[in-house]
Amino acid sequence: MLEFIKQPWPWYIAGPLIGLIVPLLLIAGNKVFGISSTLRQICAACFPADISFFKYNWKANSWNLFFAAGIILGAFFAVRFLNGGEAAAISSETQRTLGELGIHDLRGLLPLEIFSRERIFSVQGLIFMIIGGFLVGFGTRYAGGCTSGHSIMGIASLQWSSLLATCCFMLGGFLVSWFLLPYLLQL
Amino acid sequence: MRNFKYLIFGLLFGIILVKSQVMSWFRIQEMFWLQSFHMYGIIGSAIVTAMIAILLIKRFRIKALNGEPIVIPEKKFHWGNIYGGLLFGFGWALTGACPGPIFAQIGSGYLAAIVTLLSAIVGTWVYGLIRDKLPH
Numbered sequence: 001m002l003e004f005i006k007q008p009w010p011w012y013i014a015g016p017l018i019g020l021i022v023p024l025l026l027i028a029g030n031k032v033f034g035i036s037s038t039l040r041q042i043c044a045a046c047f048p049a050d051i052s053f054f055k056y057n058w059k060a061n062s063w064n065l066f067f068a069a070g071i072i073l074g075a076f077f078a079v080r081f082l083n084g085g086e087a088a089a090i091s092s093e094t095q096r097t098l099g100e101l102g103i104h105d106l107r108g109l110l111p112l113e114i115f116s117r118e119r120i121f122s123v124q125g126l127i128f129m130i131i132g133g134f135l136v137g138f139g140t141r142y143a144g145g146c147t148s149g150h151s152i153m154g155i156a157s158l159q160w161s162s163l164l165a166t167c168c169f170m171l172g173g174f175l176v177s178w179f180l181l182p183y184l185l186q187l
Numbered sequence: 001m002r003n004f005k006y007l008i009f010g011l012l013f014g015i016i017l018v019k020s021q022v023m024s025w026f027r028i029q030e031m032f033w034l035q036s037f038h039m040y041g042i043i044g045s046a047i048v049t050a051m052i053a054i055l056l057i058k059r060f061r062i063k064a065l066n067g068e069p070i071v072i073p074e075k076k077f078h079w080g081n082i083y084g085g086l087l088f089g090f091g092w093a094l095t096g097a098c099p100g101p102i103f104a105q106i107g108s109g110y111l112a113a114i115v116t117l118l119s120a121i122v123g124t125w126v127y128g129l130i131r132d133k134l135p136h
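Going line by line, the protein sequences match chains Z and L.
Heads up, the first sequence is in the working numbering, so the first residue is 1 and it goes up one at a time.
Heads up, the second sequence is in the working numbering, so the first residue is 1 and it goes up one at a time.
By construction, these hints were calculated from the structure, which means they are not laboratory data.
These figures come from a predicted structure and were not determined experimentally.
There may be inaccurate statements among the hints.
Short derived list, chain Z residues pointing at chain L, Cβ under 10 Å [what the hints assert, rightly or not]:
#  : residue
1  : Met1
2  : Ile5
3  : Phe33
4  : Phe54
5  : Asn57
6  : Trp58
7  : Gly102
8  : His104
9  : Gly108
10 : Pro111
11 : Gly137
12 : Leu158
13 : Trp160
14 : Met170
Where chain L lies over chain Z, by a calculated footprint (3+ residues, C-beta under 8 Å) [unchecked claim]:
#  : region
15 : 18-24
16 : 67-75
The C-beta atom is built at its ideal place from N, Cα and C for all residues, glycine as well.
All chains should be modelled from the sequences, with the hints used to inform the complete structure.
Dropping the structure here:
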């Protein structure tokens, strides 16, 4: 059993498990699955700056801060005890494409050629972490949700706006990965 | 500590995100380059599972443990679904992470992702600041 858990999990195990978090949260406390609202919570708790969007009773929703803290602990646990840090089992096609774009270190889950502490203040660090992170935070809040809130919770509860938002997530990702990434990785 | 259970749920979610490699930048590029079914299978089967669960909850009028009827808020269309959705898509491809996986990247030892998280918080804050001037 433990040996099985230590392998990378196939999609047909991981997907349904993620889906089950939706009823788990609903039944446990009438909570709606969605992670990006955590970012708003942090803003409201730490620097509301008299902005009306951050003036609400964030403490009433503090459950999602616990949930986010749990994700950090769970990820740590998975790497430490369940062999979670091993190289991503990506297809040979993806390995070849990455190599052509100049990413050769395929160990682990993120390319250290971009996401390492030494690279934070490089041009790529600026683009991939600082601008990329900004777009994630700005975009999800503007869109009213992220992959969890729109793509999973929203589509599963048959909301058209969530399906539309998800199509835009994918379109945005396609545009950057196909057309922009080759240039950004040469910088 | 009525919130403690959410820490445990988050912990389970974090383990899934790492063990299925959903929080891997490599996996996200593979998804956008259409080179594997893995991510599509995960998101698709998660949606189907959640959909069946929600249908059952509605059909049998299952209540939350505290006795309240379960409410799923409606997400009404606004133009932010499109503009914000595209902007998030750009960021998703760059960082290789949506908000949940950013926390998982940090937890799995990629401490540089703390920068991604801080930038995402700033992004959310700036949205709040200029919200009234944006088309919705």
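Status of each hint after checking the structure:
Here the hint on methionine 1(Z) is broken, as its CB sits about 14 Å from the closest CB of chain L, past 10 Å. At about 7 Å, the closest approach between the beta carbon of isoleucine 5(Z) and any beta carbon in chain L falls short of 10 Å, and the interface hint on this residue holds. Checking phenylalanine 33(Z) against chain L by beta carbon gives a least distance of about 8 Å; that is within 10 Å, so the hint holds. Proximity of phenylalanine 54(Z) to chain L holds as hinted, the smallest CB-CB distance being about 5 Å (cut-off 10 Å).
Interface hint status for asparagine 57(Z): violated, as the beta-carbon distance to the closest one in chain L is roughly 15 Å, over 10 Å. For tryptophan 58(Z), the suggested interface contact is broken, since its CB lies about 12 Å from the closest CB of chain L, more than 10 Å. The restraint placing glycine 102(Z) at the interface with chain L is violated, with a minimum CB-CB distance near 13 Å, outside the 10 Å limit. Of the supplied interface hints, the one on histidine 104(Z) is violated, with its beta-carbon coming no nearer than about 12 Å to a beta-carbon of chain L, more than 10 Å.
Taken as an interface hint, glycine 108(Z) checks out: its beta carbon lies about 8 Å from the nearest beta carbon of chain L, inside 10 Å. For proline 111(Z), the shortest C-beta to C-beta distance to chain L is roughly 6 Å, which falls under 10 Å, so the interface hint holds. Hint on glycine 137(Z) holds. Least Cβ distance to chain L is approximately 3 Å, under the 10 Å limit. Checking leucine 158(Z) against chain L by beta carbon gives a least distance of about 8 Å; that is within 10 Å, so the hint holds.
For tryptophan 160(Z), the suggested interface contact is upheld, since its CB lies about 7 Å from the closest CB of chain L, less than 10 Å. Given hint, methionine 170(Z) at the interface with chain L, holds; its Cβ is 6 Å from that chain's nearest Cβ, closer than 10 Å. Note: the region 18-24 of chain Z has 7 residues with beta-carbon separation from chain L under 8 Å; the three-residue rule is met and the coverage holds. Restraint check on the region 67-75 of chain Z versus chain L: 9 residues with Cβ-Cβ distances below 8 Å, three needed, restraint holds.
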